[in-house]
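So you can see what is in the structure, the chains are spelled out below.
Number of protein chains: 2
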Amino acid sequence: MTVFPLPPGSTIGILGGGQLGRMLAMAAARLGFDTAILTPEADSPAARVAARVIVADYADPAALRTLAGISQVITFEFENVPAAAAAELQRLGAEVAPATRALAVSQDRLEEKSFLNAAGIGTVGFAAVDSEADLLAAFQRLGPSLLLKTRRGGYDGKGQSWVRRSDDPAAALASLGNLPCIAEAPADFRREMAVIAARGRDGEIALYPLTESHHENGILRRTSAPAKGSPRLFAEAEKIATTLLIALEYVGVLGVELFEDDDGRLLVNEFAPRVHNTGHWTLDGCEVDQFEQHIRAVSGWPLGPTAAIHHVEMTNLLGEEAGAWEKLAREPETRVWLYGKRQALAGRKMGHVNRLSRLDGA
Amino acid sequence: MTVFPLPPGSTIGILGGGQLGRMLAMAAARLGFDTAILTPEADSPAARVAARVIVADYADPAALRTLAGISQVITFEFENVPAAAAAELQRLGAEVAPATRALAVSQDRLEEKSFLNAAGIGTVGFAAVDSEADLLAAFQRLGPSLLLKTRRGGYDGKGQSWVRRSDDPAAALASLGNLPCIAEAPADFRREMAVIAARGRDGEIALYPLTESHHENGILRRTSAPAKGSPRLFAEAEKIATTLLIALEYVGVLGVELFEDDDGRLLVNEFAPRVHNTGHWTLDGCEVDQFEQHIRAVSGWPLGPTAAIHHVEMTNLLGEEAGAWEKLAREPETRVWLYGKRQALAGRKMGHVNRLSRLDGA
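First to last, the protein sequences are chains E and Y. Counting from 1, one number per residue, gives the positions in the first sequence under our numbering. Counting from 363, one number per residue, gives the positions in the second sequence under our numbering.
Excised from the complex, chain E in its bound form:
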């Protein structure tokens, strides 16, 4: 039986061995925790900074039993944890944070948007699409051009495509493997934005400043933080994030992707029940970064302060771009983060840089 707050020296289990797990492990170490990583990947980025590593499939019952046996709390670095794994951890009586509810909701784009709307949070118009008839009905209701996405799986722009009313509906569905889909109306947005939000075990809430996101080919390219905006915009972001944290009975850090529409109102695009790429700027830009915040939250510690101390332009280093490390290390305003990935595949997130400048009004 885990008692919170977890004392230093406790072990935090993490499902996933990528860069988010790596930065979580480093934050945990700062606070005196050990980490244990479960990942199917041999020689993963997170494993190389963790006290324990279990290389196995996420749903491997023996691996999950081992992880549950050595961890006082278990968290994850991605939302597509197999339901079987979550169920097995629950059966083992492991403390899992955030709770599997947030996972389940965010794993299904249709459930996610329905959940958001039910909580009073705006999204683009959407419709379930399981058949050609559904798709035709969606065009009727939502307009002549729709973004068709598989309900499950997919990230960084994968598992989605634009479809026009004039396209062959059967071909459109086939291009996404005839999987259950969601059709979304185009977002008429002025800016893409994001907010990183955290909730502690005692219900305490802490929000990071609102940021501006710039995507290319469906992959986050750049975050500019804190974003400029009106007090009304900030208040709306705060309301959305707070509502969502409470509706999900959330514990941990949550990444919320937003659209600012042409009327200056915010819609939620999607949320991720984990630390998030749009929060990497906090590593050098905020009092306590999103990784330490997540560790604090899941361990039952008080949340840390979230104010910005610098303006930051965060840029992802994709594929071969990380090869510019020597030049980047020479820029005095630039903080370099490299993830230790062995292969610089095209489009792969190899690292990021935070370029610092003086905060407006500081």
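Among the hints, a few may not be true.
[As the list claims (entries may be wrong)] Once the Cα atoms are required to be at most 20 Å apart in a straight line, the calculated SDA-like pairs of lysine to any residue come out as:
(1) E/158 with E/324
(2) E/158 with E/171
(3) Y/520 with Y/577
(4) E/327 with Y/520
(5) E/239 with E/229
(6) Y/689 with E/306
(7) Y/689 with E/300
(8) Y/689 with E/201
(9) Y/689 with E/7
(10) E/327 with Y/577
[Claimed, not checked] To give an idea of the chain E side of the interface with chain Y (calculated C-beta under 7 Å), a few residues:
(11) 34
(12) 324
(13) 328
If you are wondering where the hints come from, they were derived from the structure by calculation, not from laboratory data. Ideal Cβ placement from N, Cα and C applies to all residues, glycine included.
Based on the hints, put chain Y in the right spot on chain E.
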């Protein structure tokens, strides 16, 4: 044959598994490096954030061979590396930084002070003491009350004691095991200070702001940074650190402990050829911290900027003091660093806190 600068993905070997090794390993990971720790301690603080761990005596030839085989550069977290280990690494053709010269000089307090004076850097008066006659001569020359220290070994106030002319000289020498000693005149100081200095492989030099140190029972208790002082004082600290880095042909981070005497002049107390406790404030207080700076220097990367971004009061958490983690985590101005040590022995450095406030003049 190692080519510098080392690309990310290279392995940095570290002799020593304590908190300095731990924080070096975390800084290395941030830049995409792996670390390999050699330490005689099973389950050491550094091992739990490193990619590879070799548990063996520092002078174990097989262990050193393994470390040299997997590391592109080898560094250390303490200066009392056995000469046999340094010699063996040299024989193996390993790249070691800082070079063993700095180790050899700093391992012997008499050589250290002689070296400093020869470089034109002031110290307290001192004398070699190998016999009762030497000690009596030292009283004659340096005064009636002297600090007697073993030439080698000892840290945090261990291996030293005050001796008065009226004491029994034989007993004084026996209390330090009749080892070769150095006798030092009392330092008439107004403040204890420190400066963290770095030198890259290309000779580039970067200095951190001068700090004020507060010791208790020979152990650093608190660092206040940046210290207040006159431009003349800062220029003197800069001259001392620069002279020392060049005289040692140094590569890496060097910690220099200073006395400010009653005339406002600086004397060097001692230096440590490694990252240093008086530099822990840089983790939250400076643009690039001393750990990343050391990794940059030994890897042949350009040095990072060292300016202060906050005023910091760094306080060491000794023994049971680290038990206050929950209270400390609640202080908004406080950044908590815990080292993952299993046993809170009295006086043991278990962690530290950096308490931030606004920089004067910012």
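Verification of the hints:
{"no.": "1", "hint": "E/158 with E/324", "verdict": "27 Å, violated"}
{"no.": "2", "hint": "E/158 with E/171", "verdict": "17 Å, holds"}
{"no.": "3", "hint": "Y/520 with Y/577", "verdict": "13 Å, holds"}
{"no.": "4", "hint": "E/327 with Y/520", "verdict": "45 Å, violated"}
{"no.": "5", "hint": "E/239 with E/229", "verdict": "15 Å, holds"}
{"no.": "6", "hint": "Y/689 with E/306", "verdict": "18 Å, holds"}
{"no.": "7", "hint": "Y/689 with E/300", "verdict": "13 Å, holds"}
{"no.": "8", "hint": "Y/689 with E/201", "verdict": "16 Å, holds"}
{"no.": "9", "hint": "Y/689 with E/7", "verdict": "12 Å, holds"}
{"no.": "10", "hint": "E/327 with Y/577", "verdict": "41 Å, violated"}
{"no.": "11", "hint": "34", "verdict": "6 Å, holds"}
{"no.": "12", "hint": "324", "verdict": "11 Å, violated"}
{"no.": "13", "hint": "328", "verdict": "10 Å, violated"}
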